[in-house]
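Student: Input sequences plus hints: build the corresponding full structure.
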Amino acid sequence: MSFESLDLRAELLRAVQDQKYTTPTDIQSQAIPIVMAGRDLMASAQTGTGKTAAFTLPLLHRLAEKPVNGKRQVRALILTPTRELAQQVTDNVVAYSRHLRIHSAAIYGGTSIVGQMRKLARGVDILVATPGRLIDHMDRGTVDLSQVEMLVLDEADRMLDMGFMPAIERILKSVPAQRQTLLFSATFSPTITRLAQRFLKNPETVTTAKANSTADSITQVAYRVDGNRKRELLTHLIGTNNWAQVLVFTRTKHGADRLARQLEEDGISSAAIHGNKSQGARTKALAQFKRKTVKALVATDVAARGIDIDNLPFVVNFDMPQNPEDYVHRIGRTGRGGQEGNAVSLVSGEENGQLAGVRRLVGSELGAEIVEGFEPTQRARPKPSSDRPRAARPPRRPHGSDRPASKHGRPGDRPAHAKVTHKPRAPRTANR
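In this text, residue positions in the sequence shown follow the UniProt record's numbering: the first is 1, and each later residue adds one.
Rather than coming from a laboratory, the hints here were simulated on the basis of the structure. Computed from a predicted model, the values in this text were never measured in an experiment. The C-beta atom is built at its ideal place from N, Cα and C for all residues, glycine as well. Treat the hints with caution; some may be incorrect.
Unchecked claim - Quick list of in silico lysine-lysine cross-link-like pairs, BS3-like style, CA-CA up to 30 Å: (1) K284 <-> K119; (2) K173 <-> K71; (3) K290 <-> K119; (4) K230 <-> K201; (5) K66 <-> K119; (6) K201 <-> K253; (7) K201 <-> K66; (8) K230 <-> K173; (9) K292 <-> K230; (10) K20 <-> K295; (11) K230 <-> K253; (12) K284 <-> K295; (13) K71 <-> K20; (14) K66 <-> K173; (15) K284 <-> K20; (16) K173 <-> K201; (17) K290 <-> K253; (18) K253 <-> K292; (19) K295 <-> K253.
To be verified - FRET-style restraints, in silico, Cβ to Cβ: (20) G280 <-> N242: 27 to 33 Å; (21) N311 <-> Q279: 24 to 30 Å; (22) K290 <-> K119: 23 to 29 Å; (23) E232 <-> P33: 49 to 55 Å; (24) R9 <-> R258: 48 to 54 Å.
Tutor: Next comes the structure, spelled out in structure tokens:
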């Protein structure tokens, strides 16, 4: 299938060509015709699948097909959970609308509300917003949603996880009942399904990947290590293998700041981003990371939403996520668009439960290894099984397109005894 076969306007096809895209992704080829037909849509797609273009392109097509005279009104509203994702979506809207007479704006926290008010007063066709800042404008009377024709809930699962349900309900009651609604979510949880039943009208459903699966292009490995030696091991892995660009996840904001400082002390250029950082500081850190002037970007789960780095080679779980689903979201930052990626997890003895939860969720026997010189204490090792110990297999990528990486064991199997590797097993170097 080609983009031309999707019957998009010529201006949009030119913009797609400008971006050097030739073939639609799975989510794009399935979702675009549904949106073009005016149907409501409930789509499950992981990050890095091209889902933003899957709703941006048909949205722009439909608006361009019905130009309006006079002052521009908000005709399309796109809600995102974070300001980083809002800016990423806005960048896509701007790129794809470059040959159209369509105006867009983004409103989110951390920036001047006065400047946003001026943009809204001048009139926009497409508004990208975070729920909290949109409510601020609604309370001030500086945004008019009475003409909204299309509503997009991007990463709806994350918006609900962040406690935005009351704000979303209020916003949905403020837009016209006669509208087209598109809901995109990494998973179809019961809460998401109930949300869709309340606010979508006979939606088409599109699922482009097995729920909670990881991309075949990602090589995954876990290293067992004492918690107080994780920083030392991370420094060792980055330096020994010459990792040029690493996104590192911690559970807490304080932990992100502390680790970034410690890596700097170890001679690794680092920066931290989290919710307590100003928008300017977060934007600067992300820009430095993209330019590779900063080697390690340490982030919390919420702050990392919307981070889109082309060809990001390494993601590291410094702290294992409490929620296994977050593991899929985290490592989805690498291995995008079919590019090879690597996900490394540092697992202390206290995190055996989280590792087991990840294994059960993704249906994968995530190999646990030990780096020579960083052997965990006996207390932190997993309890021996009554079966004869076996060495953990090195993770390998399966050949089937629907199977998660390293699917050798049954979901819920006890982890194999970890083996000592004589050198840290970095699947690939970052020099590409």
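Student: Quickly compare the C-alpha distance for K66 and K173 to 30 Å and report which way the hint goes.
Tutor: holds (24 Å)
Student: Does K230 sit within 30 Å of K292, going by the straight-line distance between their CA atoms?
Tutor: Given pair K292, K230 holds - Cα atoms ~23 Å apart, limit 30 Å.
Student: Return holds or violated for the Cβ distance of G280 and N242 against the range 27 to 33 Å.
Tutor: holds (31 Å)
Student: Would you mind confirming whether the straight-line C-alpha gap from K20 to K295 stays at or under 30 Å?
Tutor: holds (28 Å)
Student: Can the restraint linking K284 and K20 be considered satisfied, given a maximum Cα separation of 30 Å?
Tutor: Between K284 and K20 the Cα gap is close to 27 Å, so the pair holds against 30 Å.
Student: Just tell me: holds or violated, for the beta carbon distance of K290 and K119 against 23 to 29 Å?
Tutor: With a Cβ separation near 25 Å, K290 and K119 satisfy 23 to 29 Å, so the hint holds.
Student: Within 30 Å, alpha carbon to alpha carbon, are K230 and K253?
Tutor: At roughly 17 Å apart (the allowed maximum being 30 Å), K253 and K230 satisfy the hint.
Student: With respect to the beta-carbon atoms only, verify the hint that E232 and P33 lie 49 to 55 Å apart.
Tutor: holds (53 Å)
Student: So if I understand the rule, the pair passes when the alpha-carbon distance is 30 Å or less; does K201 with K66 pass?
Tutor: Judged against 30 Å, a Cα distance of about 22 Å means the pair holds.
Student: Check whether the Cα positions of K201 and K253 lie no farther apart than 30 Å.
Tutor: Not satisfied, since the Cα-Cα distance of roughly 40 Å exceeds 30 Å.
Student: Next pair to validate is K230 with K173; report whether the Cα-Cα distance is within 30 Å.
Tutor: violated (48 Å)
Student: Is K71 close enough to K20, meaning Cα to Cα at most 30 Å?
Tutor: Violated, at roughly 34 Å.
Hint violations for this structure: numbers 4, 6, 8 and 13, all remaining hints satisfied.
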